[in-house]
Structure formats: C-alpha cells, structure tokens
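Q: These protein sequence lines are chains A and B, in that order.
Residues 1 to 573, numbered by our numbering, are exactly what the first sequence covers, in order.
Residues 574 to 766, numbered by our numbering, are exactly what the second sequence covers, in order.
The set of hints was computed from the structure by calculation and includes no laboratory data.
It is possible that some hints are incorrect.
Unchecked claim - Cut-off 27 Å, straight-line C-alpha distance, at most; resulting in silico cross-link-like pairs (DSSO-like, lysine-lysine):
hint, chain 1, residue 1, chain 2, residue 2
1, B, LYS745, A, LYS315
2, A, LYS488, A, LYS425
3, A, LYS320, B, LYS575
4, B, LYS745, A, LYS40
5, B, LYS683, A, LYS526
6, A, LYS2, B, LYS661
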Amino acid sequence: MKKLMLGNEAIARGAFEAGVRVVSAYPGTPSTEVSECIAKYDEVYAEWAPNEKVAFEVAAGASYAGARSMVCMKHVGVNVAADPMFTAAYTGVNGGLVILAADDPGMHSSQNEQDTRFYARSAHIPMFEPADSAEAKQFTKLAFALSEEYDTPVFVRTTTRLAHSQSFVEEEEREEVPLRPYVKDVSKYTMMPSSAIGRHVAVEAREDRLAADVNGFDINREEMRGTDLGIVCSGVVYQYVREAVPDASVLKLGMVYPLAIEKARAFAGKVKRLVVVEELEPFIENQLKAHGVACEGKSLFSKQGELSVAVIREKLTGVKTEVEKLDLPVRPPVMCAGCPHRGVFYILGKLKLTVTADIGCYTLGAQPPLAAVDTVLCMGASVGMAHGFEKARGREQSKKTVAVIGDSTFIHSGITGIVNAVYNKSNITLIILDNSTTGMTGHQQHPATGLTLKQEPAKILDIVALCKTVGCDSVRVVDSYDLAEVEKAVKEETERDGVSVIVAKRPCALLNRNYPPACTVEDCRKCGMCFRLGCPAIEKQADGSAKINASLCVGCGLCAKVCRFGAIKEGRK
Amino acid sequence: MKANILIVGVGGQGTLLASRILGALAEIEGSDCKLSEVHGMSQRGGSVVTHVKIAPQVTSPIVGVGDADVILAFEELEALRYINYLKKGGTVVVNTQRILPMPVITGARKYPEDILASLEARAGKVIALDALAVAEEVGELRSVNVVMLGALAAHLGVPFERIDAALKAAVKPKLYDINRRALERGYNSREEK
C-alpha cells in the first residue's frame with residue numbers, strides 16, 4: 001500500500017522491513033521521529049539512551065551479538081558517538097549496523113551546520129544519502145545488507161528537508177532475519193594494538209573493494225538529457241536540481257562515500273560543463289578534483305545554509321527570482337506562555353549574573369527581553385564552562401556565575417561535568433531546570449521521567465540523590481514558579497563555597513494542559529516590569545499598559561509576582 | 574488536482590495538521606504529493622511555514638519563491654511575511670487574527686497596520702476571514718487551522734465530501750466531530766458573508 005511518510009518514518013519502516021531487532025538513540029531534531037516511529041513495532045526493541053555515545057555502544061553490542069541494529073542521532077550527536085564509531089569501523093559488524101545521522105543545513109534547530117559526510121571519510125564508513133521518503137526506506141534496507149556484506153557499519157545520512165518532508169512510500173513485508181551466531185573473536189572484536197593493527201589493514205582493504213564496487217551500484221544513477229550541462233548531486237538537492245534545470249543531465253549519487261569516481265569520470269566525459277551541486281562543504285567536489293575530474297561547485301554556491309530551486313536556477317542559468325524586501329517585525333521562537341524556565345532567567349538577569357547555558361528550550365533564555373545567557377556551546381557544556389570561568393578568573397567570578405542545564409541534557413552529558421567540578425575543588429553553582437521531559441525535541445522520555453521510549457514504566461533516576469552522591473556540597477530543590485525562592489537560592493548558593501546544585505522543578509507547561517484561568521490586569525501603572533518576562537501572552541498596548549491575551553495565558557501567575565503595584569491578578573481557580 | 578500551497582502561521586497554530594489533511598486529500602485523489610514541515614525549535618511560538626505540493630508528479634518538496642498558487646495564512650503578519658512565495662495572480666486565504674511577535678510585545682516594533690491592503694496590492698485575490706471567531710463559535714479555539722482549511726478547500730473547488738474524508742483520515746476519531754463542524758463552517762464561510 002502506498003502511504004505518505006516523513007523521511008524519518010520511512011527510515012524507521014525500512015529498518016523494520018530489514019528485520020532490525022535493536023534500536024537505540026538520543027532525541028535530536030531532525031532525527032527524533034525515527035525512534036518514535038520504530039517504537040511502534042512490537043518486533044523491534046527500541047530505547048532512548050542517555051546520549052548518543054551510549055546509544056552507539058548499545059547498537060554495536062547488539063550487532064556483535066548477531067542482531068541487525070541501528071543507532072539514530074542528529075549531526076552533533078555524531079560528535080558524541082564518534083569515539084565508539086571510529087573503532088567500530090575497525091571491528092566491523094556481525095548483524096548489520098546502521099547509523100542514522102541527520103544534518104541540519106540552515107540550522108533550523110541546531111547550534112552549528114557541520115557536514116557529517118566528513119565523518120564517513122575519516123572513519124572509513126560508507127554513507128548512503130536518500131532523496132525522498134521512498135529512497136529513505138529503500139536505502140535503509142540496502143544499508144543493512146551492505147553492512148553485512150562488507151562487514152562495516154553503514155551511515156544513512158539525511159538533512160532536515162528529507163527528514164521532515166513527506167512523500168509516498170510503498171510498504172513491504174518485514175523480512176525476519178535470524179540472529180547470526182555469536183562466536184568469540186578477539187582479533188575482530190577486542191580492539192587493542194595487537195588486534196587493531198590487523199583490523200586497520202582490513203578497513204583499508206574493505207574500503208578499496210567498496211570504492212571499486214560502488215561504480216557499479218544502481219543507486220548511483222546517470223540520467224542523460226542535454227550535454228551542455230551535467231550535474232553531480234545527492235539527497236534532497238537532487239529534487240531541487242530537477243526542478244531548477246530540468247534539461248540538464250544528472251549523476252544522482254545514492255552513495256556519497258565512497259564516491260563512484262569512475263562513474264563520475266565517465267559522466268564528465270559526456271557533458272560540456274560539470275557542476276557539483278551540494279549543500280554545506282565541497283565534499284564531493286574536492287574528491288572529484290583530487291581524482292582529476294574537472295568540475296565547478298563552491299565557486300558558484302555558498303557553503304552556508306540550504307540550497308533552493310531559485311538559487312540553483314540563478315547560478316546555473318542566470319534567471320534571477322526577484323524578491324521584494326519587506327521590513328516586518330521578526331517572529332523568533334520564544335519560551336511558551338507558562339514556561340517554567342522563564343522565571344529562573346528573569347532572576348538571573350535581575351541579579352546580572354554570567355550564565356553559561358546549554359542546549360534545550362532554555363537556550364531561548366538568550367533572546368531579548370530576558371537576554372540572560374552568556375555562553376552556549378554543546379550538550380552538557382554549561383557545567384564545564386562555569387568551572388572554566390572560575391579557574392580562569394577566580395572565586396570572585398564564580399560568585400557572579402551560574403551554569404544552567406535541563407534535566408535531559410544534564411543526564412546526557414552534564415554529570416561528568418559536575419563530577420569534574422567536585423573533584424577539582426570548584427565553587428560553581430549549577431541550576432538544573434528540571435521540567436520532567438526532553439522539551440525542545442517534542443517531549444521525549446528520559447531516565448528521570450519514569451517511562452521508556454515504548455512508554456513502559458521504568459526506574460526513575462533521582463537527580464538530587466545523584467548530585468549528593470557525587471559529592472556536591474549543597475543540593476536544594478526549588479519551585480521554578482516561586483520567584484522569591486529561586487532568587488534566595490541563587491544568591492545563597494553563589495555565595496557558598498564548594499559545588500552547589502539548585503534543582504528548579506516544574507513540569508513543562510505543554511505537558512499538563514489543565515491550566516488555571518488566565519491572569520487579568522486592572523489599573524496598570526505602565527511600569528513595564530511584566531514585559532521583561534518576555535511572555536508571549538503579555539502584550540504592550542499603544543498607551544504603554546499591559547494586556548493579557550487570555551487565549552495564550554496559561555495562568556502561571558509569574559507576571560502577578562513581578563508586578564510591583566499588584567495590578568495583575570492570578571485567575572481565580 | 575494541482576496546487577502549490579504554502580501554509581504559514583505561528584508555532585502552535587497547527588500548520589502540521591493542516592498539511593497532513595491536505596496530504597490525505599492527495600491520497601484520496603490519487604495525486605502525487607509532497608509535504609515539508611519544520612519541527613523543533615521554530616515551533617516554539619516562532620514563524621512557521623509548511624509546504625504542500627500536489628500534482629501528478631512532484632519533485633522538490635519545497636514551494637519556491639513566486640511558486641505558490643495559494644498562501645494559507647493562519648495569522649495576518651505571517652501572510653505578509655511570506656507574500657514573496659505567491660505566484661503572480663495567486664490567492665491568499667488569511668485568518669484576520671493577530672498574534673503579536675516578541676518585538677511588538679516589548680514595544681520595540683509596531684504591528685503593521687494595513688496588512689490586508691498590502692496583501693491585496695500583491696495578490697490576485699485575498700480571502701479574509703476571522704477564523705478565531707468561527708473556532709470560538711464551534712467551541713474549540715484550537716480548530717482555527719481546520720476552519721482555514723475549509724475555506725481553502727472551498728476556494729480550490731474541492732467537494733466538501735472529499736475534504737471531509739481527508740479530515741477523517743488525518744485526525745484522531747475523538748477529535749473528528751468538532752473538527753468537522755470547524756471544517757464545515759470554514760468551507761461555507763464565504764456564503765455566510
């Protein structure tokens with residue numbers, strides 16, 4: 001049956017049909033829905049791991065044990081998983097092992113736009129790149145087969161536009177792939193110098209074999225049309241190319257590493273002008289040039305952001321799409337009305353603290369009017385950065401500094417940071433914004449929520465007990481909505497020597513939608529204090545007074561607490 | 574049916590559901606269809622855009638600048654923000670609801686005054702309705718998206734039974750009845766005027 005599917009759903013379906021048994025992942029836009037979709041199949045064990053490194057190790061272990069397995073992550077997650085990944089390229093696999101990596105050109109929801117294709121080359125792991133949902137399913141199945149045939153982990157790389165676009169997919173039956181026997185083999189699965197030396201030889205031999213074979217793969221497809229212009233492209237960019245220059249011949253690559261160099265060389269010989277059209281880095285272009293295939297690429301196209309039909313058309317045909325520039329107020333993403341993070345950032349801004357922050361909804365605390373964040377780097381970095389601030393600038397600095405991290409991000413990679421701070425006699429204050437979920441990616445479970453990816457009950461990680469156990473000098477819990485309590489705790493803990501943790505607890509406002517009535521304003525004195533909260537439900541009127549938009553307000557009452565004149569009242573319950 | 578539709582609005586207004594209903598419609602009609610959505614960060618009250626392309630054969634999932642037959646806007650300012658995507662002579666179906674963006678809330682910017690006139694100056698046709706008021710009458714404030722979708726379907730000449738079947742295929746059974754009322758009111762909104 002033909003069905004409209006997200007690219008991510010199609011990858012899940014492909015893995016299911018390929019007989020995958022074990023899937024592990026950490027949520028990250030734009031990869032999250034792969035795990036959420038695969039969790040619906042009873043035949044597949046699927047889990048959220050605390051981070052991508054653990055997820056990779058789980059999938060690798062399952063592969064060694066003989067099961068087809070998959071690990072899913074966004075591009076920056078690949079950095080986290082890189083340690084086991086590079087060496088898994090040496091061990092190879094037993095059951096097929098597929099790595100789903102989702103890039104985010106244009107940074108719709110990311111802190112950088114790194115190009116994951118370079119990981120394929122540096123780790124010597126082959127990489128597929130589908131161009132629509134049907135290919136996403138097909139290539140995922142091919143990836144499992146190739147993994148076993150060539151004894152290697154295999155990447156399926158997507159980008160946001162592939163992951164989050166829907167197109168038609170033909171569903172097929174699941175192939176029940178039996179567990180392969182597990183046989184102890186130290187020379188293959190125990191990586192230490194004596195064995196790894198041999199495996200490195202195997203890696204290079206495998207890559208040479210694949211680099212030759214790839215020229216014969218059907219998924220690297222030559223489409224001859226006119227001979228004036230030939231395009232080399234892959235992924236969703238192929239769709240843009242077809243629309244922008246329909247008469248051009250195309251070498252459509254289904255596998256971007258290793259590259260089908262000889263196929264490209266033959267294609268180049270058939271066209272007058274060869275252009276590589278690719279998003280982000282000149283990954284294909286530079287390899288072609290290194291192999292003596294003359295082509296253009298980044299001399300025409302930017303390394304930043306996404307490509308589009310209009311840009312490709314303009315650069316290749318000179319036909320420009322005129323765009324009228326309108327000067328309109330921007331609408332950046334904001335913390336939701338009732339977001340429990342808002343009050344904490346309001347206090348941090350009020351106390352004029354240096355804030356090392358982290359990755360999650362609370363990154364939005366950097367936006368005006370809260371504008372309370374100083375640094376954001378990567379998952380878990382807030383803790384280490386605060387420690388670094390103190391070691392660089394001393395105790396006076398750490399009295400004016402706090403680290404801020406979410407519950408899921410703390411579990412992902414903040415724990416080692418706090419262990420380091422304790423061990424190295426730090427005096428940092430860490431605020432864990434515990435909203436009982438993984439918020440930004442759309443409410444995924446994690447080890448402290450009490451449920452698994454499959455919504456089964458699980459043990460609940462006690463964050464407070466954990467912080468105490470690793471040796472934090474002070475651990476206290478506050479209600480994120482209680483501004484006075486938050487302010488008191490922050491003042492006391494930044495003054496206190498040693499490592500302090502404040503767990504600011506309050507579930508995400510979108511989790512339980514049983515809201516109290518909206519707040520109301522009477523006799524507003526136009527002081528403007530409430531606007532500093534940056535709540536989307538509080539609107540500034542032409543006369544400078546505040547009005548509460550009842551359709552957005554969730555009655556959290558934060559504005560009533562900051563109003564010095566008592567003009568804002570919480571809705572009656 | 575052949576149409577490039579850009580659905581724009583504010584994160585949380587339900588552009589995803591609207592596009593999925595149109596996807597279900599394409600499925601019913603046996604057309605090819607591609608949808609492109611934005612998830613993650615921009616959903617948090619930010620400006621959101623969803624691309625819907627329905628045709629015998631669709632290549633790029635993205636509606637390009639100057640390529641939309643219709644812009645379905647759940648909010649006035651967002652209609653104007655994406656007006657460059659409209660084809661010459663294309664139609665804007667716009668909800669007259671205003672949701673103030675943060676620079677306006679804080680007083681740094683003013684909400685543009687004459688949006689409908691600006692839209693009319695640039696579009697072949699503008700169909701404006703107060704979908705929030707309709708949704709309120711229906712009894713579900715969150716059905717603005719489905720009210721708007723009804724108006725769009727009427728504009729595109731899609732028979733009501735067909736868009737209704739698409740709705741049924743795309744929403745949870747317990748939400749169907751109230752959404753059907755919203756769809757119907759939106760579909761008939763032009764006759765009501």
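Q: Hint by hint, note whether the structure agrees.
A: To see whether the hints hold, each was checked on the structure:
1. B/LYS745 x A/LYS315: 45 Å, violated
2. A/LYS488 x A/LYS425: Cα-Cα ~24 Å, so holds.
3. A/LYS320 x B/LYS575: It holds: about 25 Å lies between the C-alpha atoms, which stays within 27 Å.
4. B/LYS745 x A/LYS40: Cα-Cα ~17 Å, so holds.
5. B/LYS683 x A/LYS526: 17 Å, holds
6. A/LYS2 x B/LYS661: Violated - the C-alpha atoms of B/LYS661 and A/LYS2 are around 34 Å apart, more than 27 Å.
Hints 1 and 6 from the list above are not met by this structure, while the remaining hints are.
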